[in-house]
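Turn these sequences into a full structure, and let the hints guide you.
So the protein sequences, as listed, match chains A and B.
Take the first sequence: its position 83, counted from the start at 1, is 83 in the numbering used here, and no numbers get skipped.
Take the second sequence: its position 56, counted from the start at 1, is 56 in the numbering used here, and no numbers get skipped.
No wet-lab data here; the hints were simulated from the structure.
We put the beta carbon where it would ideally sit given N, CA and C, even for glycine.
Heads up, a few of these hints could be off.
Straight line, CA to CA, 35 Å or less: simulated DSBU-like cross-link-like pairs of lysine-lysine [claimed, not checked]:
(1) A:225 <-> A:338
(2) A:395 <-> B:122
(3) B:46 <-> A:175
(4) B:94 <-> A:127
(5) A:507 <-> A:197
(6) A:452 <-> B:122
(7) A:565 <-> A:637
(8) A:494 <-> A:565
(9) A:451 <-> B:94
Derived CB-CB ranges, DEER-like [as the list claims (entries may be wrong)]:
(10) B:46 <-> A:232: 52 to 62 Å
(11) A:251 <-> B:55: 37 to 47 Å
(12) B:94 <-> A:434: 32 to 42 Å
(13) A:451 <-> B:72: 28 to 38 Å
(14) B:21 <-> A:451: 30 to 40 Å
(15) B:88 <-> A:247: 26 to 36 Å
Residues per chain are reported as follows:
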Amino acid sequence: MKNLLKASYFLILFGFLCLNSAAKSDDTGIFLKSINKAGFKTDIFTSTIFDSKIKIFKTNKNAFIESFSLPNSFYLTNLKDLGYKNIFIVCNSTYEEEGIFKCSNKIVEDLKPENFKYELIELNDSKNKEKVMISIYSRIDEADSIFVLPSNSFENNIKIGLLSNYLSSIYRSSKISVDNPNLTKKTFSQNMEDFLKSTSLELLIYSLVSLVIILFIGKLVIYIKNNRQNIDIKKVNNLSSDLIFGSFSININTKSFFLISIIFYFFLILQFISSTIESKTEYLKQMAVNILEFNMFAELSNKNYDRLIFYSYTYFVFFLILTSRFEYFFEFFQGLFKKIKNITVSNIGLKYCFIIFNFLCIVLFIVFNKFFSFELLLYVLLANLYIVFMLYKEKVDLFLLFTKKEKILILSTILLFSFGVFYYQNFSLRSVFRFEDLIGVPDRIVSLPYKKQTSDSALFNSLSEYNINYPLFIDEFLIYHPNYKKFINKNISKFDENNSNFIILSKSYERLIKGLLSNPVIIKNIEVSNFKNLVFIENPDANNISQLILNADLNCIYKTTNTFKVKVYYFEGTSFRNIEYDLGNVLGCNSVNQKYSFKLPPEISSKDFFMFEFSGMDRRFINTYKFENEENSLALKISEIGVKNNLYFYVTSNLTSGSEITNYTVSDKSDISFDNSDITENLNKLKRDKYIGNTFNVWSLEPYRLIVNEFDSK
Amino acid sequence: MFIGYILSILCIVWLTTVLFFRLSRNFVFGSFLLVWGLVLGFVFYKIGLIVLVYFLSALFILSCFLLSFYSDRIYNYLFAIIFLFLTPFFLIFKLENVAELFASIAFLFLVLGFIKDVLYEKFIKS
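Given below as structure tokens:
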């Protein structure tokens, strides 16, 4: 026994030391924990593709870079080419991403890039007088951003807390896509998410916790209750030992093994909860999620030995506790089923229960469509099934159970009540709505886009408490713009040339281009800014030109593994077409710029107008491009426009002052105008008149606009 | 859209039939199972496999309710007191969420005890 104890103490000490050293060697811990706490699930990988090693925490579409002591270059642009949606950078030394920003461990300097929109977010904790500055560079043509943070943003718990709040909101927004789940069936995991938010889960937790407690102390409580007058201390001791060790209470060896395993686990937990984490309960919750998502092989390949030890041991402890209660669990359920089987129910009880549950069933069926809560229906149906089963078992004759008077009374009440509910639901309920908050999460920072899931009968409380000083869209409807008083939503086919302030948007990039190309007069009115990614060609000599040649001159500093492509959009009769042509790889060069030449096929060269775009490389690195033909005499009219993207693809006119703004969409939804700037009223009008469904996206033209910010300094 | 109305009409027709006509026990039980199966099938069609998760959790919760209903009444109150007694300890250790959970369970046990006191005599043959 002594040897066993000695060995166990040694084991505890060894594990303690191992984890201590593992924790100390992890210099990226705080950043990683903040990311994980925000909800991002990360795998660490070291990238060597840029001739230099950098440590990246990657998720599905997001990259987090902490160690950034790299030579100045275009690393971020290259990362974009790898398909990352958002890049989070913590600068711990001086770095310059050419043309975008310079950063150090204390400050970020904006270099005013053309293709990026810059925004500085300041999060203030007024109570503790701490603040964090986050520089965001959003690419205009893609719904993604680069977040730059000096490493001093992680210097204390308050700052980490502020950042975690912010990262959580970004995580939620980054998951939102334009697809409306109303149109598609929910996946099992989405349904599982709903289940985790349902009342069922709450009741399940109550039942499970009660059951676990009963399994632990049930025997002791029963003994004390039955022997109140004559309690035997020895028996109580035995039962207490059972309470702690369960099936492991056979002898001292099994008891010691069980106890030491549990104590060792507590040591491990203490080691794992970092002192830098603000809220320990939150961290424990996160840990519980991580336990469920633990992948032994992934941890092994990433060499995360501390996580591997901890989570493997957690599973071992779970298994141990479960086996210790296994015996009791079966005993308990055996007893329960025996008890239920032997119960004889009185006719009067069955009579009332039968009527009540059937009545509830009918009411729930009637309101089935309006408030589709199958959860409640399931409970009522199950209870009803139990009652009907009891009637069957007790050999009760329903015909004889009720008198004739009772039968008539029951049926007439049910019919009258059902008709009342039906009438109320279909004729009166249209004007009865339930009010709720637009932002349903209790978070202290919430960014857009935000997906709202609500019910048919819901309208929204005043939005005045939210910080909205930017254009606000609900799905594809513009409901607010700070610079205008009237907001008109129309189909693009109703485009008015005299309209100087407009936005054109679409879910699909190609549908937007189709809309623009089908009415080229729009293109003349679109805003011309530094940012351009689409070229509109008007060719008055189309009939005289046999072949157009496109010559492009590329900046040789740019290096990518992508293929440089040209995509051309045009109309063939009434059908909209597009063709993509590969121009070759962009391999970079030393001093001389790279030149590409491409002959457009005759079917495109002879079009009166068409559109084209470069793809496969960053537009910043295309120095010049021009169209030529064999005779070098062209009267082409070239207009460049920039299709921007954040959830939806959109173009805007050169927005000037005025009283109204028009939002054109390419979908077939009905037109709607709002004559006032009351956002709440406009939103409720959309909802009440069913322009939007029960699930919709709240968004703005620029990504990650904050709608709730309790850390705002203003 | 109309599935709810169809089911409610079906249920009313079933209720009228079993109350006003003397039918065999097997018919009553079998026809109820048919309605029940139809509803479950529809919900399964509407939301998919997740219905099983809801079904199992509802079954478990109702079994727990039955257990407390059929147990000796003193246990409901005893466990309510135990949970209530543990609540302040969790509050002292700043585990507010756990304390809230225990307080809710204590309240539920009290409610279950009350339901049992009121209904048990009427429902169960002595």
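Falls inside 28 to 38 Å, the C-beta gap from residue 451 of chain A to residue 72 of chain B? Given range 28 to 38 Å: violated, Cβ gap about 49 Å.
Does the Cβ-Cβ separation between residue 251 of chain A and residue 55 of chain B fall within 37 to 47 Å? For residue 55 of chain B against residue 251 of chain A, whose Cβ atoms are near 43 Å apart, the range 37 to 47 Å holds.
Residue 451 of chain A and residue 94 of chain B: Cα distance at most 35 Å? holds, 33 Å
Measuring from beta carbon to beta carbon, are residue 88 of chain B and residue 247 of chain A in 26 to 36 Å? With Cβ atoms ~32 Å apart, the hint holds.
Would you check the hint for residue 94 of chain B and residue 127 of chain A, treating anything up to 35 Å between C-alpha atoms as holding? Holds. Residue 94 of chain B to residue 127 of chain A sits at ~21 Å (cutoff 35 Å).
Residue 452 of chain A and residue 122 of chain B were given as a pair; does the straight-line alpha-carbon distance stay at or below 35 Å? This hinted pair is violated, its Cα atoms lying about 47 Å apart.
Can you tell me whether the CB distance of residue 21 of chain B to residue 451 of chain A sits inside 30 to 40 Å? Between residue 21 of chain B and residue 451 of chain A, where Cβ atoms are some 52 Å apart, the hint is violated.
Please verify whether residue 565 of chain A and residue 637 of chain A have alpha carbons no more than 35 Å apart. Holds, because 22 Å separates the two Cα atoms, which is no more than 35 Å.
For the pair supplied as a hint, residue 507 of chain A and residue 197 of chain A, confirm whether the alpha-carbon distance does not exceed 35 Å. holds, 29 Å
Check the hint pairing residue 225 of chain A with residue 338 of chain A against an upper bound of 35 Å on the C-alpha distance. With Cα atoms ~22 Å apart, residue 225 of chain A and residue 338 of chain A stay inside 35 Å; holds.
Between residue 46 of chain B and residue 175 of chain A, does the CA-CA distance stay at or below 35 Å? Judged against 35 Å, a Cα distance of about 25 Å means the pair holds.
Status of the given 52 to 62 Å range, CB of residue 232 of chain A versus CB of residue 46 of chain B: At roughly 58 Å between Cβ atoms, residue 232 of chain A and residue 46 of chain B fall inside 52 to 62 Å, so the hint holds.
The structure is inconsistent with the numbered hints 6, 13, 14, although it conforms to all the rest.
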